[in-house]
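Asker: What follows is the residue order along each chain.
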Amino acid sequence: MTAYRSILLVVLGLAALPLAAPALVGAGIFAGANTLYNLMVFVLIIALAAQGWNLAGGYGGQFSFGHAAFFGTGAYAQAILQTRYGINPWAALVAAVALGALVGAVIGFLAFRARLRGSYFALVTLAFAEVFRILANAAPITGGAAGTLVPLDVRWANLQFASREAFYYLALAFVALVLLLNRLVERSRFGTYLVAVRENEDAARALGVDTLQVKLKAITLSAAITALAGALYTQKFLYVDANIAYGAWISIEALLAPIVGGIGTVFGPLVGALTLIGLGEAAKVAIHALFGSAIPGVDLVVYGVLLILVIAFAPRGVIGLLDRRAR
Amino acid sequence: MLNVEGVTKRFGGLVAVSDVSMTVAKGSISGLIGPNGAGKTTLFTMISGFERPTAGRVLFEGDDVTGRPPEALALLGIARTFQIVQPFAGLTVRENVAVGAYLRHPRREEAFARAEEVASLVGLADLDRPASALTVAGRKRLELARALATDPKLLLLDEVLAGLNPSEIRDIVPVIHAIRDQGVTILMIEHVMQAVMSLCERVHVIANGRTIAAGTPAEVVSDPQVVEAYLGQGAAGRLAGRAVHG
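Residue numbers (the numbering used here), protein chains in the order written: chain A, 1 to 327; chain B, 1 to 246.
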């Protein structure tokens, strides 16, 4: 099965990172192993959120500007369920994903029933995320503007790990799982219908495709995956507030990563997340070396430049470039 | 098989289709012709569920299916092609046809097998190409294959021959015959009269949204009203006059 071999290779490659860690730290690229793992876990969480976006946006053509609504729901559910209701973090993780899926289904139902497409759909999702952000910033249950802190209690049963590698492997396992899921979807009736809906809804309907149902399935699954990313974020950083959870930054990362990596491809979100965050960090380091002080927001400048370059020269993203090189 | 009863469609003040009734017999190839803007495609969009008639009914195998959405009609066995062909560009030719085949074959292997059968019936080869790489004639065949892959009982063809050169038309006419011989009833909108004459058993002519004639191809082309609809008022009389004098 060559279709699955590439996934195995990529995942094995990433799993071998701890072997390379001493060399990378020794070469002075990273300040320490901690910095490296924090960055890589962050990359994987963004990749996961982006994989969610890619399912509805990349394969299905439903461009959401508000995946923060799902990321934030996952992140808050993970935090609130354990701090306020004493639910085990592993169980909370499952509940966070389910809640994210529910929010996706509801937003999807409202938007798709109203036949919103293209930029109208994008704006409605953006509006939902913003409403959630404002509500979360004010509601007592979320801790309001102070946010919610998850108490440090390092135990396996608590989804907190003493070893730095453990969380990296956990995040990698989820990313690998979604890579597999993606490939399965690509080769299924649902996946083919999804692309058909993206390319031409009327032609798909004439062939018996229930486009509302296909889009609803896609946004629900997409929201569930992005909510998982949010829940992992909470569990990694043990803190969440409205601007982290429902902020526009994550909506942008979730859609930029697949576009830069290769929209509607299995590896696009992962490659895009690596490229974006890698170059963003490199820019920060370079600026620091040149000017002796940080310029806040320089990584966002890099994102903007990358987006323009990709749209102008590589509409199929980094994956598309590699494909062309290989031929 | 298909009964259209007094169907009317108004868009604001414009009456696109006015009180049209027609019957398509099971196993037949029927034609729907008329000058540009006559309302042929509007009638198609109502039969296939994309538009709801303002008045009138559409009966399929005796059941009233008026206003049902296209995906429900596809499941019942009504498939259509589009005048402006639009292949799913992100998919290969095989996958394009499989979108249709998936309707009755949820499993990938079966859907692909059915897609390949249909593709060879309509003469599509090299199925791993991206659909966007097809020529116009290839896209017309793909449009036909996709619709056919849903295993329809009634196939609505909206100008499948338009834009093809005479030799391509000669290639596709037998394909349409072969489809009918497999038991699929066909209703086609067509401007290429040579094809209408050779393919259709019955022809329905509309102009300005109204039925002006119906019958065998030979009957309708000699109908003065039809001649006038195409060539202008008084044309039939002038032609007849010339025939007498000449």
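Hints listed in this document are in silico derivations from the structure and should not be mistaken for laboratory results. Just so it is clear, CB atoms sit at the ideal spot from N, CA and C, and this is done for glycine as well. Any given hint could turn out to be false.
Here are the in silico distance ranges between beta carbons for each label pair [said to hold, decoys possible]:
1. 119/A / 128/B: 31 to 37 Å
2. 57/B / 9/A: 58 to 64 Å
3. 187/A / 61/B: 50 to 56 Å
4. 132/B / 8/A: 28 to 34 Å
5. 218/B / 118/A: 22 to 28 Å
6. 83/B / 15/A: 30 to 36 Å
7. 104/B / 202/A: 16 to 22 Å
8. 187/A / 11/B: 41 to 47 Å
9. 128/B / 15/A: 45 to 51 Å
10. 83/B / 17/A: 40 to 46 Å
11. 20/A / 128/B: 34 to 40 Å
Asker: Now tell me if each hint is right for this structure.
Answerer: Going through the hints against the structure:
1. 119/A / 128/B: 31 to 37 Å: 34 Å, holds
2. 57/B / 9/A: 58 to 64 Å: 60 Å, holds
3. 187/A / 61/B: 50 to 56 Å: 35 Å, violated
4. 132/B / 8/A: 28 to 34 Å: Because 31 Å falls inside the window, the suggested range holds.
5. 218/B / 118/A: 22 to 28 Å: Once the Cβ atoms are compared, 50 Å apart, the range 22 to 28 Å for residue 118/A and residue 218/B is violated.
6. 83/B / 15/A: 30 to 36 Å: With a Cβ separation near 53 Å, residue 83/B and residue 15/A fall outside 30 to 36 Å, so the hint is violated.
7. 104/B / 202/A: 16 to 22 Å: For residue 104/B and residue 202/A the Cβ distance comes to about 21 Å; the hint holds.
8. 187/A / 11/B: 41 to 47 Å: Once the Cβ atoms are compared, 43 Å apart, the range 41 to 47 Å for residue 11/B and residue 187/A holds.
9. 128/B / 15/A: 45 to 51 Å: Given a distance of about 33 Å, which is not inside 45 to 51 Å, the answer is violated.
10. 83/B / 17/A: 40 to 46 Å: Violated - the Cβ-Cβ distance for residue 83/B and residue 17/A, about 55 Å, lies outside 40 to 46 Å.
11. 20/A / 128/B: 34 to 40 Å: About 38 Å separates the Cβ atoms of residue 20/A and residue 128/B, which means 34 to 40 Å holds.
Checked against the numbered hints listed earlier, the structure breaks hints 3, 5, 6, 9, 10; every other hint is satisfied.
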